[in-house]
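K.L.:
Sequence:
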Amino acid sequence: MCGIAGFFSDVPVAPAGADAMLAELSRRGPDAASRLLLDNAFNEVPAGPACHALLHARLSIIDPRPIANQPMASSDRQVWICYNGEVYDWEADKVALEANGAVFRTHSDTEFILNAYLAWGLDELLARLRGMFAFAILDLRHGQVHLARDRMGEKPLVYTHIDGQFAFGSLVRAVLPFLPADRRTFSAEAIDAYLAHRYIPSPRTIFTDIQRLENGHCLTYDLKTRALSKRRYWQPEVEAGDWLPELDQAVAMRTVADRPLGVLLSGGIDSTVIASRLATQSLTRFTTFTAAFPGSGLDESRDAADTAHRLGLENVAVPMPADLAADFARIVADLDQPFADPSSFPTWYLAREVTKHVKVVLVGDGGDELLAGYKRMNKHLRTRWRRHCRLPLPIVSQLASKGAGKLATELAMDWREAYSLRFSGLTPGQRRFLQGGRPLARLCYWRAPDPMPRSSVGENDALQALLAIDFANYLPDYILQKSDLCTMAHGLEGRPPLLDHRLYQKLLSVAASERYTRPAKLIFRRAMHPAVPADFFQRKKRGFNPPLDGWLKTSLATRFTGLGQRLSLNTDGLLDAAAVDAFASSYQQGASALAEQALQLLILDESLHQLRALCTRV
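If you're matching positions, the sequence shown starts at 27 in the numbering used here and goes up one per residue.
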């Protein structure tokens with residue numbers, strides 16, 4: 027688990043540029059920082075200006091010895107890898123590689139990926155990898171650079187390709203120093219997309235000239251022609267067989283680490299399933315960690331502690347702070363670009379404490395997307411009668427988030443696009459209000475989903491459409507982005523067993539009536555340890571919500587002063603200063619329903635302020 031970056035240019039890049047890129051990765055990889063520098067003829071140079079580079083900041087989890095540091099080279103130094111992630115269950119393939127002459131000097135998965143590429147090529151390598159990864163392979167033999175991102179989108183990867191010059195990184199902020207000064211411009215489309223969704227859907231980023239590689243995709247950059255090509259390398263396939271043994275394997279293989287490992291445990295189903303499978307396999311040496319919200323009705327720490335006790339696991343409750351003023355700017359910086367999931371804050375605080383005890387954690391991400399666990403899905407399905415009906419109604423500029431205006435907006439949108447209103451940041455009407463009443467370029471910025479595989483029994487086309495949207499957008503760009511950024515900000519590796527692609531493909535073979543239930547995820551009753559109470563699935567889903575209103579009215583209250591002017595300036599007038607201030611004033615005067623949107627504006631303000639400063643500094 028690490029941070030990666032690199033560039034390929036026809037003119038030398040000053041050492042300060044590579045230093046700035048590597049510095050932005052330091053929190054992701056606090057254990058080692060290394061670089062490969064090459065001149066224009068691809069000869070290695072020890073220091074100074076370089077035309078090409080691979081940069082790596084390491085969080086050492088498997089084989090922490092310096093010999094396993096990256097960038098890592100083949101024996102002839104013609105192929106190099108720069109890799110972020112963790113892949114599992116590769117030992118049998120390693121034996122096969124060794125039988126064919128491959129030499130291993132480490133027991134790291136980095137060296138396995140490198141040797142597997144040398145033996146099998148990119149396509150077969152990707153087909154065999156099981157886990158989370160984002161990597162770059164520089165192949166000087168064929169004059170190519172290959173980039174790939176894992177199937178589900180657990181690890182981030184962004185890039186820029188301008189006039190044939192190419193650079194990539196784990197973070198937007200790690201690629202920014204490579205951009206020419208006149209190309210460091212915010213994207214108005216991305217800002218509007220952020221307002222619509224609380225995040226910026228792939229392939230966009232906040233900068234016009236930086237793109238995000240979609241999950242399950244790979245890139246190839248030709249070092250001679252400087253052309254860039256992109257393709258999707260994976261489509262899920264239905265895989266017959268019992269899913270429970272696959273779950274046990276997915277959990278067990280993710281406990282392999284050379285650093286201490288723990289479990290993030292809430293009061294919810296998904297993390298409890300993971301803890302149950304650990305207990306069932308007698309893997310009870312791991313400590314569980316739970317975010318606690320003292321005095322709040324959202325606090326799940328007692329339920330989590332009770333579950334841990336029943337399963338024979340130690341539990342540590344981590345109280346969340348009542349005041350985040352001192353940390354707000356740091357958290358926004360660690361989120362890399364505008365990103366407004368309120369649960370990012372407790373996730374960040376939880377990771378900060380947990381990393382003092384362990385360096386790897388199992389996390390429960392993915393169950394809701396795999397098994398239709400979100401209430402919003404059922405709510406939107408009630409309107410599926412109008413899937414082929416769209417009314418030519420105007421989008422009215424308005425401050426309120428509910429009422430007749432929102433209903434009219436929903437009827438004016440395509441049924442799939444209108445699904446965004448179930449959990450959007452700001453409604454189209456609010457976005458128009460904040461942008462001075464100007465017409466919107468788009469109502470929804472989601473990436474069009476790839477076709478989803480279907481099992482043979484009882485599929486629901488409407489539900490499949492919503493699952494496909496979440497799988498392409500909400501899961502990789504929201505849930506997994508938050509998990510990665512908040513844990514890696516503290517040098518903590520999170521591993522989600524429920525997103526093992528082999529487990530997912532086994533679940534696809536289960537009849538829809540068993541996969542999609544009310545209450546949700548009853549299929550996981552088989553996976554629960556007998557010690558878990560029988561009424562567990564009837565408990566109310568509480569999510570992971572912080573005391574947002576209290577934060578906004580205390581520690582963050584001063585940030586509303588001058589908000590409109592700052593946002594108007596940093597969005598080049600896209601947001602109207604008076605409208606932003608009216609919106610903030612409405613919230614402060616009692617419109618508590620606007621709390622999440624108010625936070626969204628504060629995060630945008632701080633993020634754009636930081637990024638604009640970086641644009642002038644590097």
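Just so you know, these hints were derived from the structure itself, not from any lab. Heads up, a few of these hints could be off.
Computed beta-carbon distance windows for the label pairs [as the list claims (entries may be wrong)]:
no.	residue 1	residue 2	range
1	R258	S618	41 to 47 Å
2	S308	S52	35 to 41 Å
3	R328	C415	31 to 37 Å
4	R252	Q614	49 to 55 Å
5	V129	R258	31 to 37 Å
6	Q615	D284	52 to 58 Å
7	G599	V129	25 to 31 Å
8	S52	P271	27 to 33 Å
9	Q591	D487	45 to 51 Å
10	H383	A352	21 to 27 Å
11	A474	S52	33 to 39 Å
For lysine to aspartate or glutamate, the following EDC-like pairs were computed, each having C-alpha atoms within a straight-line distance of at most 16 Å [unchecked claim]:
no.	residue 1	residue 2
12	K566	D325
13	K382	D57
14	K250	D65
15	K256	D149
16	K250	D189
17	K428	E622
18	K250	D165
19	K566	D349
20	K120	E150
21	K579	E540
22	K405	E443
23	K250	D36
24	K579	D561
25	K579	D349
For every residue, glycine included, the Cβ atom is placed at its ideal position computed from N, Cα and C.
K.L.:
Give a verdict on every hint.
P.N.:
Against the structure, the hints come out as follows:
no.	hint	verdict
1	R258 <-> S618: 41 to 47 Å	holds, 43 Å
2	S308 <-> S52: 35 to 41 Å	holds, 38 Å
3	R328 <-> C415: 31 to 37 Å	violated, 47 Å
4	R252 <-> Q614: 49 to 55 Å	holds, 52 Å
5	V129 <-> R258: 31 to 37 Å	holds, 33 Å
6	Q615 <-> D284: 52 to 58 Å	holds, 55 Å
7	G599 <-> V129: 25 to 31 Å	violated, 60 Å
8	S52 <-> P271: 27 to 33 Å	violated, 41 Å
9	Q591 <-> D487: 45 to 51 Å	holds, 48 Å
10	H383 <-> A352: 21 to 27 Å	holds, 23 Å
11	A474 <-> S52: 33 to 39 Å	holds, 36 Å
12	K566 <-> D325	holds, 12 Å
13	K382 <-> D57	holds, 15 Å
14	K250 <-> D65	holds, 14 Å
15	K256 <-> D149	holds, 13 Å
16	K250 <-> D189	holds, 13 Å
17	K428 <-> E622	holds, 14 Å
18	K250 <-> D165	holds, 12 Å
19	K566 <-> D349	violated, 28 Å
20	K120 <-> E150	holds, 14 Å
21	K579 <-> E540	violated, 45 Å
22	K405 <-> E443	holds, 14 Å
23	K250 <-> D36	holds, 10 Å
24	K579 <-> D561	violated, 37 Å
25	K579 <-> D349	holds, 11 Å
Checked against the numbered hints above, the structure breaks hints 3, 7, 8, 19, 21 and 24 and satisfies the rest.
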